[in-house]
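Student: So the sequence lines, in the order shown, correspond to chains A and B.
In terms of this note's numbering, the first sequence opens at residue 126 and continues consecutively.
In terms of this note's numbering, the second sequence opens at residue 146 and continues consecutively.
Note that these hints are calculated values from the structure, not bench results.
Here a beta-carbon is modelled for each residue, glycine too, at the ideal position from N, C-alpha and C.
Mixed in with the good hints, there may be bad ones.
What the hints assert, rightly or not - Here are the in silico distance ranges between beta carbons for each label pair:
1. A:142 <-> B:212: 44 to 52 Å
2. B:202 <-> A:154: 26 to 34 Å
3. B:172 <-> A:219: 39 to 47 Å
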Amino acid sequence: DAKTTQPNSMESNEEEPVHLPCNHSTISGTDYIHWYRQLPSQGPEYVIHGLTSNVNNRMASLAIAEDRKSSTLILHRATLRDAAVYYCILPNRDDKIIFGKGTRLHILP
Amino acid sequence: DSGVTQTPKHLITATGQRVTLRCSPRSGDLSVYWYQQSLDQGLQFLIQYYNGEERAKGNILERFSAQQFPDLHSELNLSSLELGDSALYFCASSVATFWDHGNTEAFFGQGTRLTVV
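Okay, chain B solo, but in the shape it has when bound:
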């Protein structure tokens, strides 16, 4: 158990809908990262937050947004869903940012499997 909790584990929804994925980082971790992994594809970095502020952005679609709350949990909102958004979505957390303090480990949750039908 990495200590990172993602909910829900599975989500099935229809095209055009909106969903929210939730991530609770490990206790004490200030950084949260979101990744998308489509079937047999690599891990695509979406976005990173550090202590409530957006720190880095990847190729995140405009239909997707995220935020990190004062209690440090994070939510990834996906709207106007398309079939191609079906994927595993992973959240990771670390104590510090990966660059500022390269001597840090990131811990990943087990992911949310999103299926858009």
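Pulled out of the complex, with its shape left as it was, chain A reads as follows:
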């Protein structure tokens, strides 16, 4: 199963864009790239997912590299409410949704 690598933590200023990177160099051609986040004291929350082309929704954008070995979650204008742990996840052949350590995003007012 393909693995993902994310920085342990990142900081950003409020109202500025945030780019959260994820490396997945062993991704297979049919693996969707998923992003979830977990706000403090809450359950994980779906953010976005994509296969090849860039994806946008009301929460974020997902930029996928042409070779698909990396992707970037983009929060266009971070707010204090975006402070959370962000997880980049690939499907697992055993049907498990496995969460790694993720990136803890700190937003500075």
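Please arrange chain B on chain A, whose structure you already have, making use of the hints.
Tutor: Relative to chain A, chain B alone:
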């Protein structure tokens, strides 16, 4: 609101006891996943059911068991409880399985906080 309902929200019980956590998936979702999150720890995958059948198993203790009923709700049973079982237990649901149809989203409940004293 994710549409996934977990009950109870909080549970305090003594060591050695048995508890049942309940999860009602979103309407139409066939897959249910259970996770354990201890204090300041990551999300540990426990078990997954799809349309009533066990589909995947993580590092779930033998003292723990789960099932998914015909109406698709699921229960996680924890027995012979130990202090170390104190954690948040999350349930998630999705329309399809995560692997068979990677183009699917999972929705999580707000969790049951279990405290074993």
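Student: Falls inside 26 to 34 Å, the C-beta gap from residue 202 of chain B to residue 154 of chain A?
Tutor: holds, 27 Å
Student: That 39 to 47 Å hint for residue 172 of chain B and residue 219 of chain A (C-beta), does it hold up?
Tutor: violated, 27 Å
Student: If I claimed the Cβ atoms of residue 142 of chain A and residue 212 of chain B lie 44 to 52 Å apart, would that claim hold in this structure?
Tutor: Given a distance of about 45 Å, which is inside 44 to 52 Å, the answer is holds.
The structure is inconsistent with hint 3 alone, although it conforms to all the rest.
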